[in-house]
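**Q** Based on these hints, arrange chain B on the given structure of chain A.
There are 2 protein chains.
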Amino acid sequence: MVKVTSENNQVKDLLLNRRTIRAFKNRALSQEQLDLLMESARQTATSSFLQQSSVIHVTDFDKRKTIRKICQQDYVGANGDLFIFIVDLYRNQQIRKQSGNDDGRLHNTDVFFQAYDDTVLAIQNVANMAESLGLGTVFLGSIVNDSAKMVKILNLPVLTFPVLGLQVGIPDQQPQLKPRLPLDFRTFENEYNYDHTLSDLADYDKNVQTYYDLRNSNQRIDSFTAQINSAKLNHKKTKRDEILNTLHRQELCLH
Amino acid sequence: MVKVTSENNQVKDLLLNRRTIRAFKNRALSQEQLDLLMESARQTATSSFLQQSSVIHVTDFDKRKTIRKICQQDYVGANGDLFIFIVDLYRNQQIRKQSGNDDGRLHNTDVFFQAYDDTVLAIQNVANMAESLGLGTVFLGSIVNDSAKMVKILNLPVLTFPVLGLQVGIPDQQPQLKPRLPLDFRTFENEYNYDHTLSDLADYDKNVQTYYDLRNSNQRIDSFTAQINSAKLNHKKTKRDEILNTLHRQELCLH
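Top line first, the protein sequences correspond to chains A and B.
With the first letter of the first sequence counted as 1, position 70 gets the number 70 in the UniProt record's numbering; the numbers rise by one all the way through.
With the first letter of the second sequence counted as 1, position 51 gets the number 51 in the UniProt record's numbering; the numbers rise by one all the way through.
So here's chain A without its partners, still in its complex pose (with noise of 0.2 Å):
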């Protein structure tokens, strides 16, 4: 093992130049790789050690053209590989079951969040793993586009629940860096800071401007404070609203 210097820290590199890449080679990984970014998935701190988070790599062609309708975007389950991470309780359910004991704080809001906790660590470190082998991935929020279909489509069992995806492949671009808030608005020092007005955010919502977004080529984007005020957080009516009745249906966050 080489030493980590200052100078050749790879992760400080890799962490503070991330992008997120939306275009793949049409090349599926290799099984090294494979077993890489699980390991890492499965070396992932977990709350109370209860292991309550488990992946599905998803490889039928089926499934992967449903979840690119589910997601609405077209390299969701196209170029390069497609895993969905999931708050798993069932299985812990299971073991009490077998066991001869009931289900326990296993439907509580409490044990929820902490197995939600577990699976999205797990993505964020499979993503490093990932992009340490010279991957790309994009992370999928959009698979609760529609959360009752993504259960249905993975034949998920009560008590589990689809939390993100991840697509990941190897680049087919070279985005910019996306300016990001200014660090005081976003780091504060033992209590919230009620300070900040929007004139302050004048020179980011420049900044912002600046960058080209390679989903629409050669666009400009819209001002961060214009994005906040946009469509994206205006009232609406979508499938996304139904997450709870989701959860409730899974026997999760019941009390």
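Any given hint could be a false lead.
Claimed, not checked - Below, simulated DSBU-like cross-link-like pairs (lysine-lysine); rule was C-alpha separation at most 35 Å, straight line:
1. K69/B - K3/A
2. K178/B - K3/A
3. K65/A - K237/A
4. K25/B - K12/A
5. K178/A - K3/B
6. K3/B - K3/A
7. K152/B - K236/A
8. K97/A - K63/B
9. K12/B - K12/A
10. K12/A - K65/B
11. K97/B - K232/A
12. K65/A - K239/A
13. K236/B - K12/A
14. K12/A - K69/B
15. K206/B - K97/A
16. K178/B - K97/A
17. K236/B - K97/A
18. K12/A - K149/A
19. K236/A - K149/B
20. K97/B - K237/A
21. K206/A - K97/B
22. K178/A - K25/A
23. K237/B - K152/A
24. K12/B - K63/A
25. K239/A - K152/A
Bear in mind the hints are in silico, worked out from the structure with no lab data behind them.
**A** For chain B alone, kept in the frame of chain A given last:
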């Protein structure tokens, strides 16, 4: 930059050998270390570019002591540095308000989960950055042992919620790698695999019992299935059941 190969991949080494550290030397982080941790939170992927998470660095002695009491873990807020990661929809509410817009979908469960994802992805990256600098970390799910009190201590506005804490410092212990469930229990292809039975876990149970937990010096731990059948998941009355109430009081997940 040194070229990353399969022989010198530091990200891989870090992710596959990750241990929780709960004993730290009595030294605070340097400004350079703090800056790198916060920068890695800032550069983490964010759902729909909404940037809906924030970090609070808790340096105040009394606040650290109170949080330690909530967490009931003597290392919390003791040696090293303490960070609380929060869902933060308040910032975007203020942007919309000051622009003359209503809160739109900010009170919906859907948007809360987007922000929750942002928050947990960020904490994993901060932990990875810390570990790449030779520091140790422990994730603190215990901050929601009393979520209402955490909201008060950090003076959190509506539309924010404390998700996870992270204690970071110079390691003062060398724990073993904790054995995880075999991969075929946690990774599936195309759909959920219902096949596993308790007896399949016998070997893993034995494996777990060979692990010495540094929290109780020289005492072996219970098998995995014994832990799943234990107090960790048994019915009990706890303040952690107030999470849903706190969320609603914070005007989150209302729909």
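**Q** Is K65/A close enough to K239/A, meaning Cα to Cα at most 35 Å?
**A** Holds: K65/A and K239/A sit about 19 Å apart, inside 35 Å.
**Q** Keeping to a limit of 35 Å between CA atoms, is the pair of K206/A and K97/B held or broken?
**A** With a Cα-Cα distance of about 20 Å, the restraint between K206/A and K97/B holds, given a limit of 35 Å.
**Q** Decide if the proposed pair is consistent with the structure: K65/A and K237/A, CA atoms, cutoff 35 Å inclusive.
**A** Holds, at about 24 Å.
**Q** Does K178/A pair with K3/B here, judged by a C-alpha cut-off of 35 Å?
**A** 24 Å, holds
**Q** For the pair supplied as a hint, K12/B and K12/A, is the alpha-carbon distance within the 35 Å limit?
**A** 13 Å, holds
**Q** CA of K97/A to CA of K63/B, is that 35 Å or under?
**A** Answer violated: K97/A to K63/B is near 42 Å, above 35 Å.
**Q** Can you confirm whether the C-alpha distance between K178/A and K25/A stays at or below 35 Å?
**A** 22 Å, holds
**Q** Given the hint that K178/B pairs with K3/A, does the C-alpha gap stay at or below 35 Å?
**A** Holds, because 24 Å separates the two Cα atoms, which is no more than 35 Å.
**Q** Given the hint that K97/B pairs with K232/A, does the C-alpha gap stay at or below 35 Å?
**A** 15 Å, holds
**Q** Please work out if K12/A and K149/A have their alpha carbons no farther apart than 35 Å.
**A** Measuring from Cα to Cα gives roughly 38 Å; hence the hint is violated.
**Q** Next pair to validate is K25/B with K12/A; report whether the Cα-Cα distance is within 35 Å.
**A** 23 Å, holds
**Q** Holds or violated: K237/B and K152/A, Cα atoms, limit 35 Å.
**A** Since the Cα atoms of K237/B and K152/A sit roughly 34 Å apart, the hinted pair holds (cutoff 35 Å).
Checked against the numbered hints listed earlier, the structure breaks hints 1, 8, 13, 18; every other hint is satisfied.
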